[in-house]
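Enquirer: Top to bottom, those sequences are chains F and C. According to the working numbering, the first sequence is numbered sequentially starting from 1. According to the working numbering, the second sequence is numbered sequentially starting from 325.
Hints in this document: simulated from the structure, not taken from any laboratory. This one's a predicted model, so the numbers in the text were calculated from it and none came from an experiment.
Lysine-lysine pairs mimicking DSSO-like chemistry, simulated, CA-CA at most 27 Å apart: (1) C:LYS722 with F:LYS120; (2) F:LYS6 with C:LYS643; (3) F:LYS6 with C:LYS338; (4) C:LYS521 with C:LYS553; (5) C:LYS518 with C:LYS543; (6) C:LYS714 with F:LYS70; (7) C:LYS714 with F:LYS71; (8) F:LYS120 with C:LYS749; (9) C:LYS763 with C:LYS752; (10) C:LYS752 with F:LYS120.
Label-pair restraints from in silico Cβ distances: (11) F:LEU33 with C:ILE364: 53 to 63 Å; (12) F:ARG310 with C:GLU632: 40 to 50 Å; (13) F:LEU207 with C:VAL684: 28 to 38 Å; (14) F:ILE122 with C:THR663: 50 to 60 Å.
Not close to chain C: a few residues of chain F, all C-beta gaps over 12 Å, as computed: (15) THR94; (16) ASN174; (17) GLY215; (18) GLY283.
Glycine is no exception: its CB is placed at the ideal position from the N, C-alpha and C atoms.
Okay, here's what each chain looks like letter by letter:
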Amino acid sequence: MNEERKLIVSSSPHIRTPRGTQQIMLDVIIALLPALVAAVIFFGIKPLIVTAVSVVSCEVFEIGYRKLLKKGDSYTDLSAVVTGMLLAYCLPYTFPWWAVIIGAFFSIVLVKQLFGGLGKNIWNPALAGRAFLLISYAVLMTTWIEADAPDAATFATPLASLHAGNLAPDSIWNMFIGNIGGSFGEVSALALLLGGAWLVYRKVISLRIPVAYIGTVAVLTLIFSRGNNHFMWMLQNVLSGGLLLGAIFMATDYCTSPVTPNGQLIFGVGCGLLTVLIRYFGGYPEGVSFAILIMNCCTWLIDQHTAPRRFGVVGKRSKKEGAK
Amino acid sequence: MLFKSHGGVHPNDKKAPANEAAITTIPQPAQVVIPMSQHIGAPCSPLVAVGDEVKLGQKIGEASAPVSAPVHASVSGKVVAIAPHLNSLGNMVNSVVIENDFKDTPADTMVPAPAEALESPEQIAAIVREAGIVGMGGATFPTAFKITSGWGKVDTVIINGAECEPYINSDYRTMVEHPEELLKGIQLIMKACKVDKAYFGIELNKKFAIDLLNFKGAKEMGIEIVPLKCQYPQGAEKTLIKTVTDREVPPGGLPAAVGCNVFNTFTAYSVYRACYEGWPAIERVVTVSGSAIAEPKNVKVRVGTSMEWVFEQTGGFAKEPWKIIMGGPMMGMAQYDMTVPCAKGTASLLAFAEDEDRTVADPVCIRCGQCIDACPMNLQPIYMYMYQQKGDVDMLQKLNILDCVECGSCSYICPGRLHLTHAFKTGKAMVQARQAELKAKAEAEKAKAEAAEKKEDK
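One chain only, chain F, in its complex shape (with noise of 0.2 Å):
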């Protein structure tokens, strides 16, 4: 009798989904991995190096910072892991492993878990840390080293061209595989697009954020074209540059974008805008990741402005009954 055991008593509902957070993550891990493969066929193996440095010292930071102020340990959720492909990933493969450390630190410590960890961050933590790499250490960010050329001869990305105002010389073909100059993991739209497939298919996000920014881009750079060929026009710059990991992977980033269905149409649109601004008139030949950046900032705001519409309260009948 006395070694009856007590029956739990809690709160409905008692069964929950096997996916959490874990789950969810490991997913967004699987689809950034057809991008990392892209990059190893294109320049090597130097991209899988430093995607190793930053995730680990990504790790270090998280465990360390949470260990020294006696947090609970969040390793396991993995989310450590997607900041640093993610932050990796916008970066050149020359990039030096210090520089990375560097990085790691700045998103991690600084963008993530001063704001409270997982989930309570503004920024994205990766964007963050690339835009922080970008302004401390401009030149080692926009060297392009070619990957058959080891002699280092430097060549332009593709967005450079766009930034100078004419149409790149590389094939639509080449920049949709990832056969061009650039950020490493940013270079292949075609294993961007898989990774986001595979997103979308296990209902990791919706195509609310992507498809408004991309669309937003490609209606605006169609309109506002250069040249005279403006159908390229437009196409080189939704390939070129991070628009496409930008668009699946960083906009998309749960705790720094809107959750509500409209909200995240908004700050889709407001990327693209903003990402085109910037293209045509500002200094840096790439907008996406302040666009992003800034977007960031507007998520409390627009999310109190798009609450769903409550139910019972438009339709036709209930309207007229609630009038009574």
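Guided by the hints, dock chain C onto chain F, whose structure is given.
Expert: Only chain C this time, still in chain F's reference frame:
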């Protein structure tokens, strides 16, 4: 002709293998404990005293309030005690304890109603009231009051056969084993509600029941079977009305506000039994299932039978139970005392082993927004949770927390394992307490002002 409803989740329905198990009868217990309140509304006062002999189906508790339902003896025997006893909601409720004589001597009232009585809405409603029938889906709202209060307003009757909660099969088995009785019961409800058309919403995982009821001539009786998408909470009243009629019940309103009345499948069957067999609501089909159960079953259980007895008589546990739930896994109540009796609204008894547990020590919101997508009431659980944790009652009110139907979809889907539904139950209580406080204050001030006015008049 299904209309779009918002939100919802897709838990594994776990209907098998109990959905193939025919309804069986378990031996009666030596003693039943019959709570005087098994419904929403005024509790009953006992009509019997300790030492009285009672017959099967004899009325032993009644209340005169319109929103109430009488209770009946579920066995024949002797009243041995009238005392507060724990019920499934965790409250101590005045209960009549009857010692079973195992004779099932029926009361004189247990006779079929005369045929002419079944032609008049008023008389059907009176029979339903007398039989103590309540919403058997678990909400236990008195059915007779639902019928009579809908007169003049209701143009559509919907029978809820969604049975969207995982594990539960009691409605499905009733449809399969008593299709004709069920359809007759629905006809009675239509007559009582003064409408000639009813929709019977059934989820597509019960395809066999859909075909069977159509085969039995549902259409000719004016009953349209509406196959529903399998999605929780398809059977939530407001969601069901929206899916079937595209009408939205206004916040805080009853279905009658949009001309609808919704009745559970087993309620319709109970109406049949009350009218054609003279049986009051003293028996319920209960699904016994869950990961700790040796063999999932559907059994007929007399009201007042303890959970312990039901589990014992259905083969007991295969694993050590870690959580016992009365009702479905999404909205049912966790129990800690095995002597709690089954009541009219008990559709299932579930026993879960520990491996079902997915709670974490430190739930973290990752702002995925899935709770917003899942909410059938278009609420924003993520922000409601935030303000509930802060205790900000004004913001909770602004976010319409009182619209929450506590279906549990948000908690189910939450990857961070937040206790959302739990927080909203508490949050709703906070808002209601504040509203009551304000109301009391306003009334006090009004009284004061009136008193002052009277003084001036003098």
